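Please arrange chains S and Z on chain B, whose structure you already have, making use of the hints.
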Amino acid sequence: MTVGSQSLIVRLLRHPSGLVGLLLIALAVGMALGAGYFFPAGPWTMAGPPRLWPGQNAAFLLGTDSLGRDLAAGLFHGSRVSLAVGASAAVVSIVIGTVVGSLSGYYGGWLDDVLMRLTDAMQTIPSFLSAIAIVGIVGPSLPTIIFAIAIVSWPMIARLVRAEFLRLRTYDFVQSCRIIGMSDIRIIVTQILPNCLAPIIVASSVLVATAIIVEASLSFLGLGDPNAMSWGTILGNGRAALRTAWYMTAIPAAALVLTVLALNLVGDALNDVLNPRLKERS
Amino acid sequence: MIAAKGTKSPLRFLSGPMPRYVLRRLSQAVLVMLLVVVGSFFLVKMAPGDLVDVLAGNSDMTADQMASLRVRYGLDQPVMVQLFIYMSRLVMLDFGYSPLNAAPVLDVIMGRWPVTAILVVSSVVISMAIGTVLGVVSARNAGNPVDLSISILMLVLYATPSFVIAICFILFFSVFLGAMPIAGFATVGTQATGLAYVWDVVQHLAMPVAALCTFYVAIYGRIGRASMLEVLKLDYVRTARAKGLPERRVVYVHALRNALLPLVTMAGLQVSALVGGAVLIETIFGLPGMGRTAFDAVFERDTNLLLGVLFISSLSVVVVNFVIDLLYMVLDPRVELA
Amino acid sequence: MTPAPEAPLLNVNDLSIRYGKGVPLVEQLNFTVRRGETVGLVGESGCGKSLTALAVMGLLAENLRTSSGSIELEGTNLTALGQNALRSYRGNRMAMIFQEPLTALNPVMTVGAQVVEVLRAHRRMGRAEAEKRAVELLEQVRIPDAAERFHDYPHRLSGGMRQRVVIAIAIACNPALLIADEPTTALDVTVQAQILQLLKSLQREADLGLLLITHDLGVVRQVADRIVVMYAGSVVEEGPVDAVLDDPRHPYTAGLLAARPHGSFSVQGHRLADIRGAVPPPEARPGGCLFEPRCPHAQADCKAARPPRGVVGQDRAVRCYHPVGRPN
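Chains as they are written, first to last, in my numbering: chain B, 1 to 282; chain S, 1001 to 1338; chain Z, 2001 to 2328.
Hints are computed from structural coordinates only; laboratory data are not their basis.
Being a predicted model, the structure only gives us computed values, none of them experimental.
Treat the hints with care, since some could be wrong.
Stretch by stretch, here's where chain Z covers chain S in the computed footprint (C-beta under 8 Å, at least three residues) [what the hints assert, rightly or not]:
hint	region
1	1232–1245
2	1254–1264
3	1327–1335
All residues carry an ideal CB built from backbone N, CA and C; glycine is no exception.
Here chain B stands alone, though its shape is the one from the complex (with noise of 0.2 Å):
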């Protein structure tokens, strides 16, 4: 995507927050993609002695945990599975928010009234309950995550894309489109919706790194999918030996952490790059 002269992976590599941001991004999606060819025997194997120290064994080099499971692989499988429910469940919520933002902001009237009512019950029920409730009811499955995060994710996205859809439609391109007899939707997808981009990619990388923590948290609670070992999951069982292997807590911990922080970096990047009327003078 070219954003003026320069494309903008160029603009984020130049800008600090961005360059680092999308290193560390670029090592996590790297361990994910290499989590097979590396360990190709799988997060769940109980390779070797239980509760390995980082170091003690050279076969092991992030250590075991209390089952024997090598912690290295539980890291680079785990990264599949915390990186891809968080992407898949940004990608689903700023669908939704992004139809819902749009028709309500476009037409207006009841429909906005109606959708907006709808968002704020949304937006009221505190978010994380929600998620349990989904996840808890309707059973762990890595599904009924993606779903249950972007259910409670896509009100922000929404309010975002009906906020630029108000303010660009009332712009005249888009009364001429309509004057030449252009049906709505040609009008909203074509018109306006490529206009409102740049706030939407500023929010969808919050919104993978929210996705990632709401994952892991699940996970930690035990409401993670029993089949899929993520980052959340390697905390949970690192819980009970807390007070003599934490280091079993401290590296999905530091992971989580790394990814997150780089997803925020990138998106202070993207804000500043995208919205330079908005840049902070400082």
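Same frame as chain B, but now just chains S and Z:
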């Protein structure tokens, strides 16, 4: 803060457009709560299996017994009828019965609600206070190492999930230092009353509140910094300096009073998330609050209890949002009700 | 207004302002303001007139400094004072009002409170006494129903009323010098006249020295006694208002006067005379006369060095090697 004689009094709200505003907010709230009730009801009904299945799983029951139990609980009716019955009972504050706790749902919730309330309110107040201080210090030192270190700290706190912070606290304060109690609201079987009891509770809540706060300290700190920097550039701050006022007054009375407004708005937006975050913290620290209750209710398929918790949490969010909106109106005299 | 024979109230001497060690934005500025006198400081946007005013008040942004010269107010060199000492002068012996009244007042404080604030900052006054005095000041600036307006918030007042409040705050502690930076530019034409009249009458009542900064020559003609014309960070001409505006000596002043639209709709065919070229940015100023690149009368010696300040008549001076107009 200047309170000149005859400052726009909060009492101005008792007449004029205020009652209409309250009515409007009330009707919006009712509509929202209606949607919440209907939504959560249908969600709960999506569960594979119902209350009777759970009860039957815990003890042997014949099919006949299960069928008659269903009739007794009204679970054999069509869903819409069940919904109607539920809502009509709700209007009379009858939330149903919780088999898990062998008590009416309302009683269970009323017993657990204060814990969550204390957790949430203290977190809001403490995180706003600390966040504002950090934001102001950051803004006044903009560009130099103090600002940089505070900004990095806030970035890290923002990125760290609350349960990770909670575990770090537990690890450090309880395991290494042995200084703080790990779980519970107060020492089990304590006979203490009065101030001693309060101190016991404070000790038990210190870590949970601190863990819940860190994320919000980061949020308010970042917004506070941005807001202060923005305000310090505005014309009226220049006027205040041109008057020869002491710098402290310029910063705290003129700039901060205005910079706080976005923070109050943000606090309103964060209430819902805060209550959700409390769920996690309560579970980790074993606090007998609503969050833990909801969690247990989900596992035990105690649908009445779950619905009750969802309802009360949402209601609390609505009420707190309303209070914060009123607070904002008092703080910002430019807000006039149409 | 006959200038008093004693020392001037404000004496700006060879003042230069720059960003750190960079190029000077204002170079070797010289002008004075006497008690009871109105000096109009005119020039285009970016010529440094507002910067000069901020320098007098000690309100320059952190990265700007007065690199040389002095600013004397009632004999004291302000550039040698620290912030604490300057603060006792600001709002007290010297005051400033700015261009945009809509944003000049704190929106969450009543206007009365903002007047009381400056009184209590510089005078030992009890609250009740300060409030009483504040109402008197609001009346003095011709705000109707002053006692009630006292409790109003700024957003309830019109632009003209807000500017009056700003003026009340400025004169509250009886300053000797009042600086007004484009005080009427943001106001309606009818309100402009009222505010200017108010400033003049306040000046008469208190024998104030008024430094009026503006780009509007019409305002200067109405209100000022002396005019100081700035271009690209330097004073190019100064003198009594009528003398300078009727018979300008510096080509720039002459160009400004000629560039104003004149005549009526029925007069046909007059092209607006403009000054060709553009104001050079601080980094690209010529080494000789600042105006030389655009001057229709430029000659070879104009490129050599900055022209010195030369007296060209009763109380008039100009920086030009070849002044125009009728010589005395």
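How the hints compare with the structure:
1. Coverage of the region 1232–1245 of chain S by chain Z holds [criterion: at least 3 residues with CB-CB distance below 8 Å; count 11].
2. Under a criterion of three residues with beta carbons nearer than 8 Å to beta carbons of chain Z, the stated coverage of the region 1254–1264 of chain S is upheld, 3 such residues being counted.
3. Taking a C-beta to C-beta cut-off of 8 Å, the region 1327–1335 of chain S contributes 4 residues in contact with chain Z, enough for the three needed, and the coverage statement holds.
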